[in-house]
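Counting from 1 along the sequence shown, just add 553 to a position and that's the residue number in the working numbering.
One should not assume that every hint holds.
[Said to hold, decoys possible] Distance condition first, Cα-Cα at most 16 Å in a straight line; then the derived EDC-like pairs of lysine to aspartate or glutamate: (1) Lys628 - Asp754; (2) Lys744 - Asp720; (3) Lys656 - Asp642; (4) Lys687 - Asp650; (5) Lys744 - Asp732; (6) Lys744 - Asp724; (7) Lys737 - Asp724; (8) Lys679 - Asp650; (9) Lys770 - Asp752; (10) Lys744 - Asp807; (11) Lys744 - Asp767; (12) Lys628 - Asp750; (13) Lys656 - Asp638; (14) Lys687 - Asp720; (15) Lys656 - Asp626; (16) Lys770 - Asp754; (17) Lys770 - Asp750.
Don't read these hints as lab results, they were simulated from the structure.
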Amino acid sequence: MNYKRIATAAATLGVCLPLLADSNISAINHFAYGANLGWCDWHPSSVDGVQVNALFLSGNVWFSNCGWVSLGDGKPVNGFAYQNDAATDCGVNLAPDGGLAGKAYGANIGWISFTDSSIEGPIAAKDRPRLDLKTGRLHGYCYSANCGWIDLDTTAPFGFVKLTQLDPGVDTDGDGIPDSWERKYTGGLVKLTQTGDLDGDGVSDYDEYLAGTDPTKASDRFLVVNIAAANAGDSVQITWNSNPSRCYQIQERDNLFSGGWLDVASPGLIAPSEGPTTSATVIEAAARHRYYKVESLLPGASYGP
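Working from the sequences, and respecting the hints, build out all of it.
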């Protein structure tokens with residue numbers, strides 16, 4: 554799978570439906586299943602299917618027994634998240650860590666809840682509806698008060714839902730920063746620009762987006778915070794500030810003046826830890842002078858078909 558390489562932190566060590574965007578759900582793997590509903594098609598066609606961007610979902614699912622269900626119109630009132638407090642502002646949101654939350658609606662089925670609980674009680678963490686940002690595959694369950702549970706990740710052939718890519722969203726002003734991300738942090742499209750630095754921390758607004766840091770807080774930085782020898786000098790442990798919406802890749806090189814950066818094969822692609830920092834260990838060859846950097850990767854450039 555491919556990831557868009559977007560930002561680095563460096564360190565050294567001397568050792569009939571609303572008109573929406575085309576669906577980015579796979580045309581091969583696009584079915585969820587409900588015992589009382591049958592198959593639920595998230596990609597009935599490229600035009601009528603579901604669109605997933607970095608902050609919310611839009612479009613429609615076709616239920617073979619109940620007709621169309623809307624996951625949102627793609628136009629949350631505040632520009633970045635459905636509030637689900639009015640009929641005109643309902644839909645399913647995507648959290649930074651891939652969690653799905655909110656409400657879908659179908660005229661023949663009523664409300665479908667994407668949440669961590671139902672009228673039957675709390676949902677176990679492993680069963681909560683979510684998008685795996687590394688693979689593009691949906692997991693867990695959503696719940697219909699009228700029809701019961703809907704499994705987003707069944708074991709039958711083609712019985713799961715997968716994205717082909719994660720759409721960053723509309724960028725009206727062409728600055729490389731999605732509108733929804735700008736509105737989330739500043740309420741509009743004026744304050745953040747590609748070359749500007751709203752919080753004055755020396756990192757451009759665009760690079761803050763790429764790293765997943767808050768462009769209004771100078772204290773929120775993508776930095777390597779510690780690098781040290783480990784395991785009696787046979788390896789190096791690197792720790793950096795991380796964001797749940799990003800993945801990471803450590804790179805290395807022997808010389809800063811010739812050659813280029815190379816991906817470290819192990820540990821390879823790194824998912825962020827639950828806390829504010831992530832650490833990884835790189836095995837070192839003996840008697841080597843080496844430089845390292847950490848790249849922040851925006852997931853979903855391509856998940857495959």
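Hint-by-hint comparison with the structure:
Restraint check for lysine 628 and aspartate 754: the C-alpha separation of about 32 Å exceeds 16 Å, so the hint is violated. Taken as a hint, the lysine 744 and aspartate 720 pair is broken in the structure, with Cα atoms around 23 Å apart against an allowance of 16 Å. Distance hint between lysine 656 and aspartate 642 is fulfilled; the C-alpha atoms sit about 10 Å from each other, no more than 16 Å. For the suggested pair lysine 687 and aspartate 650, the alpha carbons sit about 11 Å apart, so the restraint of at most 16 Å is met.
Between lysine 744 and aspartate 732 the CA atoms are separated by roughly 12 Å; this keeps the pair inside 16 Å, and the hint holds. A threshold of 16 Å between alpha carbons decides the hint, and for lysine 744 with aspartate 724 the separation of about 14 Å falls inside it, so the pair holds. For the hint pairing lysine 737 with aspartate 724, the CA-to-CA distance comes to about 13 Å; that is within 16 Å, so the pair holds. Of the pairs offered as hints, the one joining lysine 679 and aspartate 650 holds, with about 14 Å between alpha carbons and a cut-off of 16 Å not exceeded.
A distance of roughly 6 Å separates the Cα atoms of lysine 770 and aspartate 752; the hinted pair therefore holds under the 16 Å criterion. Note on lysine 744 and aspartate 807: the hinted pairing is violated, with a Cα-Cα distance of about 40 Å set against a maximum of 16 Å. Restraint check for lysine 744 and aspartate 767: satisfied, since their Cα atoms lie roughly 13 Å apart, inside the 16 Å limit. Only pairs whose Cα atoms come within 16 Å are accepted, and lysine 628 paired with aspartate 750 is rejected, the gap being roughly 28 Å.
Simply put, lysine 656 and aspartate 638 have alpha-carbon atoms about 10 Å apart, close enough for the 16 Å limit, and the pair holds. Between lysine 687 and aspartate 720 the alpha-carbon distance is near 14 Å, which keeps this suggested pair within the 16 Å criterion. Under the criterion of a C-alpha separation no larger than 16 Å, the hint pairing lysine 656 with aspartate 626 is consistent with the structure, at around 12 Å. A threshold of 16 Å between alpha carbons decides the hint, and for lysine 770 with aspartate 754 the separation of about 8 Å falls inside it, so the pair holds.
Restraint check: the Cα-Cα separation between lysine 770 and aspartate 750 comes to about 11 Å, which is no more than 16 Å; the hinted pair holds.
Checked against the numbered hints above, the structure breaks hints 1, 2, 10 and 12 and satisfies the rest.
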